[in-house]
Amino acid sequence: MIRSLPSSSLYRIGYRIYVFLFFTFLLMPLLAISVLAFNDSNFISLPWNGFTTDWFFAATDERQGLFADEELIASIVTSLSTGFFVAVMSTLVGTLAALLFEEEQFRLKGLLYFLALAPLVIPGVILGISILLTATSAGNHIENTFGLDVELFRPSYWLVILGQFSFGATYVMLLVSARLKKFDRTLEEAALSLKATRLEAIWYVTIPFLRPAIMGAFVVAFILSFSNINTTIFLIGSDPTLPIDLYSRIRFSSTPVLNAVSFLIVIVISGLAIINLFANRSNK
Amino acid sequence: MMNNKNLKDTNRLKITGNFNFTFYLLIVPVLIWLIFMIVIPHAELLISSFLVEDDMGEMFFSFANYIEFFTQKIYWLTFVKTAAYSIGVTLLAFIIAFPIAFYLTKVTSKKNAAFLMLLLLIPLWVGELVTVYGWMVLLGDHGVINQFLITIGIINKPLNMLYTNFSMVVGLLYMSMLFMVIPVMSTLQSMDDSLIEAACDLGASRWDIFTKIIIPYAMPGITSGAIIVFMLVIGDYLAPNLLGGKNSLWFTEQIYNNFLTTFNWNEGAAFGFLLLMLSSGIIWLALKVSGQKLEKVGS
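If you're matching them up, the sequences are chains D and Y in order. Reminder that position 251 of the first sequence reads as 250 in numbering that gives the first Met the number 0, one-by-one numbering, no gaps. Reminder that position 75 of the second sequence reads as 74 in numbering that gives the first Met the number 0, one-by-one numbering, no gaps.
Please keep in mind that the hints were generated in silico from the structure rather than gathered at the bench. Incorrect hints may appear among the rest.
Below are the DSBU-like pairs computed for lysine-lysine, each with C-alpha atoms no more than 35 Å apart in a straight line [stated by the list, open to error]: (1) 245(Y) - 110(Y); (2) 72(Y) - 180(D); (3) 245(Y) - 180(D); (4) 108(D) - 292(Y); (5) 156(Y) - 181(D); (6) 181(D) - 80(Y); (7) 245(Y) - 80(Y); (8) 287(Y) - 211(Y); (9) 245(Y) - 181(D); (10) 287(Y) - 80(Y); (11) 156(Y) - 245(Y); (12) 80(Y) - 180(D); (13) 156(Y) - 180(D); (14) 109(Y) - 245(Y); (15) 180(D) - 110(Y); (16) 194(D) - 287(Y); (17) 287(Y) - 110(Y); (18) 287(Y) - 108(D); (19) 105(Y) - 181(D); (20) 180(D) - 109(Y); (21) 181(D) - 72(Y); (22) 108(D) - 194(D).
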């Protein structure tokens, strides 16, 4: 049943068939939309009417391809810039949190660590509504007291970034902590005994060691932000992110442009995954 | 050892000499994050859930939002159904994902495993919206699967698969089961093959090896996976909303309706708080029963 043990051929073949079926199940939806993105039809599904790239490039009244659809392009840009800011903030705070919980001893550490892990087990919906409620009451309060209307406290671009940051930092913390656990603490102590300050030791010794994990965590935070919908949907202002835009299109006006966008996402993500595979291999 | 201790003492001196500057540099941003993004919002959620607006537009304290939940059958029925389905999907995810995790770590070659891992990660990273949409394209009346079955002559008219509980469960499983594969893989990776070989040499049956050696060893990974799967499923919105039918009500949909359609935010807050209690209650129970700690779930 494992590599080193013999097993009956029936068992082996059965197992292989199961694995094959599982991966078929896994890849079927992605393959279907990727192929149908090139279908010369006005409906999202079969029948196959021939090959076309209209759903990427066309700009006629009847068909508007992905690159001619300004709304869609705008939402992609919004998602990219949101993802960037979320990744920067999450990476920064998540890394600090990893250093704090791995290296420092202080009172209430257990409680704070529990809170830092909480977003892992709080459904995204709950984070979304509680941040919306808090921002709204803070906004109302400021408006009543100072007569100011602060955009951050209304559903807006920046509130989305804050909302996604609230759980992004947790994932960064976990990824960076995992690498920090493998760190040889004596290196830092050597730096300290050579008269480096604690901050210098962290900056010149610990951070370079953590760099691969920090970079990986940055990408993960970006992807989490890019695909998030559960939290984002409550905090969104006038400019939708890509998933929100796609969601409303799926509900109200499905055209094969959706296949084209999905195809593009699948291609970009597969590229990233392959880079990740080779980066991991060369690290070892 | 002695040296080490001395070193620690000098470090401590240095730290106090710096007024703990580094410590504050680390803890202040983390505190801001935890207090403003986690603690205050959830306190606000709890407070809002006890507020009701009167005819004059003034807010006052009341249990009305919770009473509404317990007196309206549709609400608590959806609540119970969501909980039951989430537990069911978590079990199914375990049954489907465990053999895959075992295959990738113990059966196939390292090279194959790396390639299959890549295939596993793609749907995970592509995001739920795209994959749910993919299932809509596959399962619809004119969808790929129906067209295929009609073409090869197995059925005459399309099977009704989309907008049913079936399609909803497929969507929920699809987006969550990979979160079971990955933690189980990481525990199985550290398992010594000789444990299985020894059992086999001593004549244990395959079933015994599986239930008495492999499963107990993988339990920490299974618990982590189950908790994450359960949380993702119970808090999911896209699969029930886009793949489920009129009868596939999911509790998150009630929350969305309150916030985005009827604008009854206080009732929505109460429902949100109930969902939070339900999910953390079941997770707490799972941790108790399996004797695990939340800290382990993350790693």
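Cross-check of the supplied hints:
| no. | hint | in the structure |
| --- | --- | --- |
| 1 | 245(Y) - 110(Y) | violated (46 Å) |
| 2 | 72(Y) - 180(D) | violated (50 Å) |
| 3 | 245(Y) - 180(D) | violated (49 Å) |
| 4 | 108(D) - 292(Y) | holds (15 Å) |
| 5 | 156(Y) - 181(D) | violated (59 Å) |
| 6 | 181(D) - 80(Y) | violated (44 Å) |
| 7 | 245(Y) - 80(Y) | holds (14 Å) |
| 8 | 287(Y) - 211(Y) | holds (21 Å) |
| 9 | 245(Y) - 181(D) | violated (51 Å) |
| 10 | 287(Y) - 80(Y) | holds (24 Å) |
| 11 | 156(Y) - 245(Y) | holds (22 Å) |
| 12 | 80(Y) - 180(D) | violated (41 Å) |
| 13 | 156(Y) - 180(D) | violated (58 Å) |
| 14 | 109(Y) - 245(Y) | violated (46 Å) |
| 15 | 180(D) - 110(Y) | holds (27 Å) |
| 16 | 194(D) - 287(Y) | violated (47 Å) |
| 17 | 287(Y) - 110(Y) | violated (38 Å) |
| 18 | 287(Y) - 108(D) | holds (22 Å) |
| 19 | 105(Y) - 181(D) | holds (25 Å) |
| 20 | 180(D) - 109(Y) | holds (25 Å) |
| 21 | 181(D) - 72(Y) | violated (53 Å) |
| 22 | 108(D) - 194(D) | holds (28 Å) |
Hint compliance for this structure: hints 1, 2, 3, 5, 6, 9, 12, 13, 14, 16, 17, 21 are broken, all remaining hints hold.
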